[in-house]
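Visitor: Chains as they are written, first to last, in my numbering: chain L, 1328 to 1664; chain E, 333 to 574.
Among the hints, erroneous ones may be present.
[Stated by the list, open to error] Simulated restraints on C-beta separations:
1. E:Ser535 with L:Arg1446: 40 to 46 Å
2. L:Leu1635 with E:His528: 38 to 44 Å
3. L:Phe1443 with E:Asp519: 52 to 58 Å
4. E:His528 with L:Tyr1449: 37 to 43 Å
5. L:Val1645 with E:Glu505: 52 to 58 Å
6. E:His504 with L:Val1645: 36 to 42 Å
[Claimed, not checked] Using 30 Å as the maximum straight-line C-alpha spacing, the simulated DSSO-like pairs for lysine-lysine come out as follows:
7. E:Lys463 with E:Lys514
8. L:Lys1639 with E:Lys514
9. E:Lys559 with E:Lys488
10. E:Lys488 with E:Lys514
11. E:Lys488 with L:Lys1663
12. E:Lys488 with E:Lys463
13. L:Lys1546 with E:Lys488
14. L:Lys1639 with L:Lys1546
15. E:Lys463 with L:Lys1663
Treat the hints as calculated values from the structure; they're not laboratory data. Everything numeric in this text was worked out from a predicted model, so none of it was measured. Where a beta carbon is used, it is the ideal one built from N, C-alpha and C, also for glycine.
Here is how the chains run, residue by residue.
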Amino acid sequence: MSDAAIRVEHATRASRIGMTLLALLVVALAAAPLWADRASLRLMGEIFTFVALASLWNLLAGYAGLVSVGQQAYVGFGGYVLFAAAILFGVPPIAAIIVAGALAALLAVPVAALMFRLRGHYFAIGTWVVAEIFRLVAAQIGVLGGGSGVSLPAGVITGIAATRAMREYIIYWLALGLAVLVVGGIVLLLRSRYGLALTAIRDNETAARSNGISVMRIKYLVYVVTAAGTAMTGALIFLTKLRISPDTAFSVNDWTAFVIFITVIGGIGRVEGPLIGTIVFFLLRETLADLGSLYLLMLGAVAIVVMLFAPKGLWGFVADRFGWQAFPLERRLAHKP
Amino acid sequence: MPTLLALEQISKRFGAVVVADQIDLALAPGEALGIIGPNGAGKTSLFGMATGTLSPDSGRVIFDGADITTLPPERRCRLGLARSFQIPQPFGGMTVFENVVVAAAFGTGARERDVYAPCADILDRCGLSQKANRPAGALTLLDRKRLELARALATKPRVLLLDEVAGGLTEHECTALVALIKDIRADGVSVIWIEHIVHALVSVVDRLVVLHGGRFIAQGEPHSVIKSAPVQEIYMGIPADA
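Starting from the given sequences, assemble the full structure and let the hints guide the process.
Guide: Written as structure tokens, this is what we have:
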């Protein structure tokens, strides 16, 4: 068989439809300041940050098999870097988001070296311990309010844009941009040679190693990249909150438990999973949050039902039945006539 | 005689179970070696130690003159040591074609685009062309075994370790497999084949070793090994001369 006789296709009909719908959605969302009120913009901004967090956790746990329950370490770190950069060094907040990503990547290198000595459950526990250490360290930083936290000075906020409306639009677009960047980046990564390796690692680590993939090197890379993305998201989250404290910044509940819920019910190990999961999570939260602790019980019940009846998550459940995929990630072999 | 792959004084035990007891094994370039032995004799463990998924308690693994005892599996694969697993280990969420592309791209270090055509060829040779775009997780056991072989071939091995690839095949399929393995040998690939289907094995290999209790109890020309007293005793339960 010669080179000319075969062709490899990435897109399917399903992925063409998926990409078209997603492109339209992004355009409509980018224009949201024209059609949505302030409260909706704020909610959608929050949704985008969770899309980013969950997509990153999915890359880490769903593909690289690194089940971290300590990603709040990087959310909090990113938040604190933003506050420190803005308060202590006068760095504009938007630039500080990028600084937070770069510093988190640097920090992740030694943390990964330490954590990768642990396997399986021990890795999970270890990451949580690291996040707690971060929290305790943050509480010791007097200039950033110690244990009680600190607010972003008004001057920093007004520096973003003159009017409140424009500030809110800019932060909304930043959140949308970050979510698109994270999801798009993951899709591009999965389309690359690394993606081939990552998907293989997701499916079978032993076979991946036996077929020439340097599994540890790729896990290391994914850990560092995810740390950077998570910290940038964290910086943006606390830019919208305007106030940071160790307990909110390093909350395992907000930044990891909900994120795991989103990823698992949406479909772990698939790019679409966290998108679906985030929508479900916010639908539940917006309709049930007034019920107090009953709300958390219902989240738990939903998680149990999904895990029992659709163990591959909601997206896995439908995608397997109908052969759906929203992103052109396949490599289909076609013979030319 | 030059040696391509050698196990030197390899020992391994799991608790009280000895799977390798100071085993010496040398494979010459181009040679095909068969390994038989009862279940639990330590055949698959030998492959594990040769490819690096299992570390020996003592002894050395030598490949092409270099000591590779502590090299991880991925490095050994890239040197040219490929293995098909006895219990197939497909990348279940990827298509059959993607499975082979992974092995070709990472096993040889080639660019992804450059391996597409050779991978299509390999699927053809292994009888998987029609199923190229199916998810590997949906394959039957038989096709999974074919995929194991296809993936191992895609890494362009110098030594191919086959672990029970013929089990469960029909007579017709078995003949096709034997032809394929002969074909692979003709390309200069050395082969070690663990197999219970003795007639298929004997028709391919130059030399046969019998593993029992972590030791080689017989080795040599295949037909005479099969007829030897210790082999008859293990497989038939009676001494050959009784």
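Visitor: Compare the structure with each hint and give your call.
Guide: Hints and how they fare:
1. E:Ser535 with L:Arg1446: 40 to 46 Å: holds (44 Å)
2. L:Leu1635 with E:His528: 38 to 44 Å: holds (40 Å)
3. L:Phe1443 with E:Asp519: 52 to 58 Å: Check failed, 39 Å falls outside 52 to 58 Å.
4. E:His528 with L:Tyr1449: 37 to 43 Å: Holds: the Cβ-Cβ distance is about 39 Å, inside 37 to 43 Å.
5. L:Val1645 with E:Glu505: 52 to 58 Å: Between Val1645 (chain L) and Glu505 (chain E), where Cβ atoms are some 37 Å apart, the hint is violated.
6. E:His504 with L:Val1645: 36 to 42 Å: Check passed, 40 Å falls within 36 to 42 Å.
7. E:Lys463 with E:Lys514: Roughly 24 Å between the alpha carbons, so the hint for Lys463 (chain E) and Lys514 (chain E) holds.
8. L:Lys1639 with E:Lys514: Distance of about 42 Å is beyond 30 Å: violated.
9. E:Lys559 with E:Lys488: Violated, at roughly 35 Å.
10. E:Lys488 with E:Lys514: Distance ~16 Å between Lys488 (chain E) and Lys514 (chain E) Cα, so the pair holds.
11. E:Lys488 with L:Lys1663: holds (26 Å)
12. E:Lys488 with E:Lys463: Since the Cα atoms of Lys488 (chain E) and Lys463 (chain E) sit roughly 22 Å apart, the hinted pair holds (cutoff 30 Å).
13. L:Lys1546 with E:Lys488: holds (25 Å)
14. L:Lys1639 with L:Lys1546: Holds, at about 22 Å.
15. E:Lys463 with L:Lys1663: holds (16 Å)
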